[in-house]
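Residue numbers (UniProt numbering): 1 to 259.
Hints may be right or wrong, so weigh each one.
[Claimed, not checked] Straight-line C-alpha distance at most 20 Å; calculated SDA-like pairs for lysine to any residue:
| id | residue 1 | residue 2 |
| --- | --- | --- |
| 1 | 193 | 223 |
| 2 | 50 | 40 |
| 3 | 192 | 258 |
[To be verified] Computed Cβ-Cβ distance ranges for the label pairs, DEER-style:
| id | residue 1 | residue 2 | range |
| --- | --- | --- | --- |
| 4 | 234 | 146 | 27 to 35 Å |
| 5 | 94 | 230 | 20 to 28 Å |
| 6 | 80 | 150 | 20 to 28 Å |
Quick caveat, the hints were computed from the structure, so don't treat them as lab data. For each residue, glycine too, the CB sits at the ideal point set by N, CA and C.
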Amino acid sequence: MEVKAPEHNVMCLLTDPEGTPLGPTMYLPQNTGPPQLQQIVNQLLKNEEKLPYAFYISDHELLVPLGTYLEKNKVSVEKVLSIVYQPQAIFRIRPVSRCSATIAGHTESVLSVAFSPDGQQLASGSGDTTVRLWDLGTQTPLYTCTGHKNWVLCVAWSPDCKHIVSGSKAGELQCWDPQTGKALGNPLNGHKKYITGISWEPVHLGAPCRRFVSASKDGDARIWDITLKKCVICLSGHTLAVTCVKWGGDGMIYTGYTL
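Can you make the complete structure from the sequences, with help from the hints?
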């Protein structure tokens, strides 16, 4: 006996950023949008606290009901629609009238900080040559990451929270495991002067997260692959120091330099 899909429904498969399916294929009404998909994902993951999620189809964020997306992009309802769900950080806003905590540990000036995308941890880089990881819930230190031989000027989390990259005044980059505080391989070398910025490729452009771009005073921006553990592209169009870099959601890399 042939089983037919209910009329006006869309055959969908929810997957995480790494491509792992969240349950079997399901039929969803065409008026299903991000709010309804969030309810479905929270139920399937059995989250005690309802978490926010963003959804992507073919690397484009879904902001409209499924039926509207199918009609606009001329997608057939007879094909399975793969939808990638990405957890979003939760921010609780409260008035700041005083210092809520002082977390001590570094022995020299703190030069850079970065929150993890899930809002659970903080990474800091210091003139004492270390990267430190902090638990924001308990406001206590987790790990001290040692390996740099000079000031740590930049720290950046991967969008999936699985890696941290730090850049130093010596021009070297180091990848860390935030679950253990251990270095992942040897330092990445290539820049001739100090690191001025680090930015990861957005997760919807390249899951799983493995590429980031770094900027340096040497005038170059370099794209690195943490799986291959090497620089894959060197962008050398600037003639002066590159002071900032950003990997945009449209796939473009933006850099700024000093005149």
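These are the hints, each one checked on the structure:
1. Distance check on the hinted pair: residue 193 and residue 223 sit about 16 Å apart at the alpha-carbon level, within 20 Å; holds.
2. For the given pair, residue 50 sits about 11 Å from residue 40 by alpha-carbon distance, which is consistent with the 20 Å threshold.
3. Taking the CA atoms of residue 192 and residue 258, the gap is near 17 Å; set against the 20 Å cutoff, the hint holds.
4. Separated by about 28 Å at the C-beta atoms, residue 234 and residue 146 satisfy the suggested range of 27 to 35 Å.
5. At roughly 44 Å, the beta-carbon separation of residue 94 and residue 230 lies outside the given 20 to 28 Å, and the hint is violated.
6. The hinted range of 20 to 28 Å is not satisfied by residue 80 and residue 150, whose Cβ atoms lie roughly 51 Å apart.
Violated hints, listed in ascending order, are 5, 6; each of the other numbered hints is respected by the structure.
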